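Mind docking these for me? Both chains are given alone in their own frames, and the hints should help you get the complex.
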Amino acid sequence: MATTAAAPTRSRTTTTLLNLLARSWAYLFLIAMVLFFSITGPGFFSVNNFSNILVTSTLVGLMAIGQTYVVITAGIDLSIGWTVGLASVVAARTMRDLANGGMDIAPAMLLGIALALLVSLIPGVINGLLIGRVRIPPFIATLGMFGIVRGAAFLLTDGQQVVGQLPDALRDVLRALGSGSLVYLIPGQGVAWLARPDGLPPEVIRGVAPLLPYPVIITAIVVLIFAFILGRTRFGRHTYAIGGNPEASLRAGINVKNHLVWIYVLSAFTAGIAGVLYLFRFTSGAPQAGEAALLQSVAAVVIGGTSLFGGEGRISGAVIGALIIGVLQTGLVILNVDAVWQFIVVGIVIIVAVLVNQLQASLERLRSNV
Amino acid sequence: MSEALLQCSAVSKHFGGLIALNQVDFAVHPGEVVALLGDNGAGKSTLIKCISGVHRPDGGQITFGGVDITGNSPAVTREQGIETIYQDLALAENLDVGANVFLGKEKLKRVFGVIPVTDDDYMRQQAQGVLDRLDIHIPSLKQRLVNLSGGQRQAVAIARAIYWNARLVVMDEPTAALGVPEQRKVLDLIRLLRSQNVSVILISHTLHDVMQVADRIVIMRRGKVAANMPREGATEEIIVRHMVGTAEAAG
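Residue numbers (numbering that gives the first Met the number 0), protein chains in the order written: chain C, 0 to 369; chain L, 0 to 250.
Isolated chain L, as found in the complex (with noise of 0.2 Å):
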């Protein structure tokens, strides 16, 4: 198999007494779709929460191309080509399309050729760019993100780690908030993102959409790896059993 493009190695993170992340290892290579599954709690969150740089491990080491990661802010993560949609989407739904799909990295000109401003126009223009390549409608860009819907928001949050070419897209229950025809689109979309070599980590409870587009299932259970299979062969009677804790017991 081809070298690892993230590689967490016993990586832990405990809150008070609480083991979130106990020696966890974990990998993904490049322009794989990893299903990240478990029960409510198993540190799914926790663990992309320090892929991302939102929380700092404990101990372990975090390795990106081959690049240590361990520890880095948010902002580093990005700009290393982690980009992470989180399941409340994280957009700042007071600002328009342009300003989210830019947030913390803002376009900036210069006016009387010394003044750093916004480039408002060039943001913009850029998002309506990347939102046509994802054949994604939004009927105005200066709209702000609370007058629009739901598979809209999740669209532009989408947009948004699209735009910045990242290497490795997290995404946190994508579809978990949309319409069947809008989650249809959000699974052709990481389809898409995996034809251009993007790596993806899906967390999602439905596993009808794991089983469409995953190439391999980590199941997470109490803080530690409980499985790491190919998406072939696995069933959803396995997966279940994995995620509950009944599948050691049965040998």
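Just chain C, with the same shape it has in the complex (with noise of 0.2 Å):
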């Protein structure tokens, strides 16, 4: 238990400046990204852009907190992408066919909500009783899911992509949250609350930007919640003590079946939450709505420093993740790189990403030994 050979001190500080480094790149990757877009894109430094970022990550960022409670208990969620795109039909169809039976609009959309997401833990709690009880693997019991949903999201739509003939009226409604915000700034003027304001000449009408987007509201306090759950309470603490030891788990009493099917139902609830918000984003529910979004919540999650062997990960970690995605994305768009140039970026930076936590967790070995 003695502190072996000393090792020397210039060593010791380097170790200890790479391990800083290898933490932190993820934040100082994207940093360096924003800069690079900044300097090279036009009109990628802009408010309105940034917002436009914000938004845009809440779909893969929402879906990849619950992914970060699933692949730190040595899981993964594969059925998330199309809970989302369920959740969106469900609660589009509720809304639609309240609203046609005389429902008034906001009745109609709260039930619509609520309906969407109980419909989504559904999934989540199947999922938790095959892996958590059954001891089916993640991977093939969310496969199967996968499946499931997807033929499930479908069959309300009747085999179509959009739950279509929204009245105009609750249309209206969707957009103004979906896309609206809760404070605008108007260049040279300040800014204005909860919507835009009228009468502005038109020059000055295109500058305007949304600074606290709804759906970025939303996504930041499900990420506060949920940050808190993990770091803070029991519940996050026994999640990471089944990802780092399930056997010790047992016999600790933490009650790992149990917990299982919670983790995966957390990560059905926050897929049903991205789903509500793409039926307020896009006015329309859509089945395959968070199909692309899967396997990117899966990437931000690596990115953020998330171990697919279980035990480690921050939901800090995840939503960084999904914000160099986002920020990737639109910057190659601005930058006018054909699109198929995305998916080659994305799958360099999670490559390049379990290299770096591989590193830090050697760096890391190393300078405790010392």
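Hints are computed from structural coordinates only; laboratory data are not their basis. Warning: the hint list may mix true and false statements.
Here are the simulated DSS-like cross-link-like pairs (lysine-lysine), alpha carbons at most 25 Å apart as the crow flies [as the list claims (entries may be wrong)]: (1) K184(L) <-> K141(L); (2) K106(L) <-> K141(L); (3) K106(L) <-> K256(C); (4) K256(C) <-> K104(L).
Nothing here was measured: the structure is a model prediction, and the numbers come from that model.
See the structure below:
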């Protein structure tokens, strides 16, 4: 237990520095990319664009929050992409049918949101029971659920790509909230609250930028709550413990089976929120709403430093990961880079992220041994 | 003799067609160190897992302090005062020392008077206290266990068992992965527990350890108790003969 041979001080300092660098590389990388695109991409450096990136990142971000919990327990949830779609479809259909049936918009919307969130929990509960109690590997269980939820979402749209025929009044309210902002920045005139002000000259209107878009506010609240649960509560502690050593957790009296059910319910829940937000942002419910975002959510989690082997990871990392993907996509579009290059660049970033995280782990061991 | 603290009566356990425990009777008295010996596959681990609640026995009864604990969960068993230190230590190596000592029994505090959160400072402080009591030194309790040595991890596992004022501590090969000074330390800890009237079940392949600290020796063979004798009078030769099964043959 005594300290072993003392290493030279210089190498210890270097290791500490390298360690710090490896730990915070995702933040540095995000900053570097923002700087790069700001210099090279015309129009990238603007409040409007940053606001747009934030809104775009909410979908992947919300999914990555739940995915972080799952991955910390050494699992993976492949079904949440279609859960997003299912939630958006359920919300859209419920609101449409209730509104068409004569109900006021506001209660119809609230009921639609509630039902969508409830329905989104179903695949989570089934995933959790299969994985926690029946011990089916997460990859297989959620892959099966991937297909089931996909089919269910398309059944609800009668095979169509979107839920059609939303009443105009409903559409307007959805758009006002989904594309709205708590605060708008008006160039040269300060800020406006809740709505874009009327009667501005056209050249000013073009410059009006949403400072706090509602989807971003909702996502930020979800981020804070889930980061708190993971970092500060007993539930979060047990999540890490199960990922680090499930057998030890079991023997320590943690109810591992039930905990895993909750983990997959949480994952489905954040996907459900993402689905509802999708409806508000695009004023349509679509089964394939989260299809592309699924693997991006896994990428965001990994880029953020969460280990696929379990036991490691943070919500803040997932947020940074989602932002990196959002900045990359927007930046490459502004630079007029062909969309296919996005896939290649994001792919490289994922692999580099895993390499850096492995390096960081070995650096930590090295540092504690000197 | 005083009444037994732990009493296993006719405990059986099978896995499919494999009979791991066959009508095992086993008792531990207060303040007694019982060595549980046997070859690999003799049923030692299955027996302690039945005692600690990881396995549910298929037959028989286990009482602890007069209370029937047969088939209780690991959590309930710990609450009743049985702590188990497994060979693989059963620690979450991605967590720090305090979190491990309190694993599954986290100390909570409330923020804003309502929201329960883990009280990490308190847990580290208490962990430090019990490590001091055992004269174990770990530089920083904020270290995650993955960065500690094998001996330090063993110390954390023992500290965890002792912190919860266990009346019975089960140790599975506690010295196997340790250097000689750390082995001595563990044996001292076992004596310390006995002096505080804590019972110990010690599973070990190291007969040297057993001869030093055990009060009684129970030898298992093929899922049954092959011998049960006081340490005094036992020799390594007798023990080995019981373990390999030549004792009955020899009469």
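How the hints compare with the structure:
1. Taking the CA atoms of K184(L) and K141(L), the gap is near 23 Å; set against the 25 Å cutoff, the hint holds.
2. The suggested pairing of K106(L) with K141(L) holds, with an alpha-carbon distance near 16 Å, which does not exceed 25 Å.
3. Note on K106(L) and K256(C): the hinted pairing holds, with a Cα-Cα distance of about 22 Å set against a maximum of 25 Å.
4. Straight-line distance between C-alpha atoms of K256(C) and K104(L) comes to about 17 Å, which keeps the hinted pair within the 25 Å bound.
Violated hints: none; the structure is consistent with every hint.
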